[in-house]
Amino acid sequence: MAKARFRERPFLISRSLFPLPRTQIDPHEQQRDVEAAGCAGPPYRPARDQPCAAGRAVLQRLPAAFSRRSSGGARTTHGHRPSKPRRLQGHHPRRASGSRHECGSPGREAEPRTAGRHLRGVESMSLAEIGKPGNITSRLLENEKARDCLIPMGITSEKVAERFGISREKQDTFALASQQKAARARSRGCFRDEIVSVTTTILDDTKGTKKRITVSQDEGIRPDTTMEGLSKLKPAFKNGGSTTAGNASQVSDGAAAIPLAQRSKAEELGLPILGVLRSYAVVGVPPDIRGIGPAYAIPVALQKSGLTVNDVDIFEINEAFASQAVYCVEKLGIPPEKLNPLGGAVALGHPLGCTGARQVITLLNELKRRRKRAYGVVSMCIGTGMGAAAVFEYPGN
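Each residue of the sequence shown is one higher than the one before, counting from 1 in my numbering.
I should point out that these hints are in silico values taken from the structure, not numbers from a laboratory. The reader is advised that the hints may include incorrect statements.
Stated by the list, open to error - Straight-line alpha carbon distances no greater than 25 angstroms define the calculated BS3-like cross-link-like pairs of lysine-lysine that follow:
| no. | residue 1 | residue 2 |
| --- | --- | --- |
| 1 | LYS368 | LYS170 |
| 2 | LYS170 | LYS238 |
| 3 | LYS170 | LYS372 |
| 4 | LYS368 | LYS338 |
| 5 | LYS372 | LYS338 |
| 6 | LYS232 | LYS170 |
| 7 | LYS234 | LYS170 |
| 8 | LYS145 | LYS234 |
Stated by the list, open to error - Just the calculated beta-carbon pair ranges, DEER-fashion:
| no. | residue 1 | residue 2 | range |
| --- | --- | --- | --- |
| 9 | SER167 | ARG188 | 42 to 50 angstroms |
| 10 | ALA245 | GLY270 | 43 to 51 angstroms |
| 11 | ALA245 | PRO336 | 31 to 39 angstroms |
| 12 | GLU330 | LEU141 | 13 to 21 angstroms |
| 13 | LEU203 | SER167 | 28 to 36 angstroms |
| 14 | GLU337 | GLU169 | 14 to 22 angstroms |
| 15 | ARG212 | ASN310 | 44 to 52 angstroms |
| 16 | GLU144 | ASP311 | 18 to 26 angstroms |
| 17 | GLY333 | ARG371 | 22 to 30 angstroms |
| 18 | ARG373 | ASP205 | 44 to 52 angstroms |
| 19 | LYS207 | LYS338 | 45 to 53 angstroms |
| 20 | GLY240 | GLU330 | 33 to 41 angstroms |
| 21 | LEU141 | GLY270 | 28 to 36 angstroms |
| 22 | GLN303 | LEU233 | 37 to 45 angstroms |
Idealized CB from N, CA, C, for every residue including glycine.
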């Protein structure tokens, strides 16, 4: 089969991008990606006379009124059809795996449908229109499973914690570890090769004047986080609940980009090999506890690649909420030292349409730093009741 190849890509997650709509955030990534692939062009637009050899671009973002994706999932569930709602952050590993084709036999590489792709994810949650789910009929609301698709994400986190006995202390401990790992990684320069600086104009709230700033690092990392501080935070979604602003992912803006190519195209262009996509899987889970998706998607992806949990060096599991991440880690028996070694979404942020690509980038760069052949898994829960997982191999120097 043809070979899937990735190169390290930059990413950026920042609250300072608030003034920039998605159409302005993404070109920063696009131009950097095009230049890295050897396709020159004017700033922030593809060169028309020398298109990128990847041949195809795929952009993933969340709909402006992102709560409406729940109503779509509810409609398909109500109709008793196989549900294929918009896969949000799970979109990028799926695109990498070859879109309509699932990854193949154990030990074999995934096959992209084209010679190359330019995968991009961008999100501006600061400017997102958070509204009602849209037009919902009474018949749909009478269907319990369909109705569960409309449950807010924060409440699903509470349901996971209650149903599986994930205590507030466990969630806060997990969140603290994420912040500490991210702070340590940033101080060591682990994100330096991944981040593209963005210069923009913001409104100074204190003075009411505009000023130019340059964002060059993730802004959600809090090195001074303590258990005492986390324990003082009030529940964010439910009285007496355990999900807080400290143990949940952050509302963030950001963009990420990944060039993907068949082996023959990568060799033709002389591109270095950063990673091999081995397998990919998507599974369905109950919508009211959708955060448990990775616990069921990861075993399927590992089986497809002929690997076990013990064979994997790094697990990049999205930390939408500490409750669901703790459940997945305990369910699969993942050693703490293998989980999100550079921190996760609790510290780095979770721009929904960008996260899948960001995870792949962080994973492959960390595998590269280890200077040996290694395997990594990227996984996340998705929208209205799914989990996605992809297995990558770093071939070594």
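Outcome of the hint check:
no.: 1; hint: LYS368 with LYS170; in the structure: violated, 31 angstroms
no.: 2; hint: LYS170 with LYS238; in the structure: holds, 18 angstroms
no.: 3; hint: LYS170 with LYS372; in the structure: violated, 33 angstroms
no.: 4; hint: LYS368 with LYS338; in the structure: holds, 15 angstroms
no.: 5; hint: LYS372 with LYS338; in the structure: holds, 16 angstroms
no.: 6; hint: LYS232 with LYS170; in the structure: holds, 15 angstroms
no.: 7; hint: LYS234 with LYS170; in the structure: holds, 16 angstroms
no.: 8; hint: LYS145 with LYS234; in the structure: violated, 30 angstroms
no.: 9; hint: SER167 with ARG188: 42 to 50 angstroms; in the structure: violated, 32 angstroms
no.: 10; hint: ALA245 with GLY270: 43 to 51 angstroms; in the structure: holds, 47 angstroms
no.: 11; hint: ALA245 with PRO336: 31 to 39 angstroms; in the structure: violated, 23 angstroms
no.: 12; hint: GLU330 with LEU141: 13 to 21 angstroms; in the structure: violated, 34 angstroms
no.: 13; hint: LEU203 with SER167: 28 to 36 angstroms; in the structure: violated, 41 angstroms
no.: 14; hint: GLU337 with GLU169: 14 to 22 angstroms; in the structure: holds, 21 angstroms
no.: 15; hint: ARG212 with ASN310: 44 to 52 angstroms; in the structure: holds, 50 angstroms
no.: 16; hint: GLU144 with ASP311: 18 to 26 angstroms; in the structure: violated, 39 angstroms
no.: 17; hint: GLY333 with ARG371: 22 to 30 angstroms; in the structure: holds, 27 angstroms
no.: 18; hint: ARG373 with ASP205: 44 to 52 angstroms; in the structure: holds, 50 angstroms
no.: 19; hint: LYS207 with LYS338: 45 to 53 angstroms; in the structure: holds, 47 angstroms
no.: 20; hint: GLY240 with GLU330: 33 to 41 angstroms; in the structure: violated, 23 angstroms
no.: 21; hint: LEU141 with GLY270: 28 to 36 angstroms; in the structure: violated, 57 angstroms
no.: 22; hint: GLN303 with LEU233: 37 to 45 angstroms; in the structure: holds, 39 angstroms
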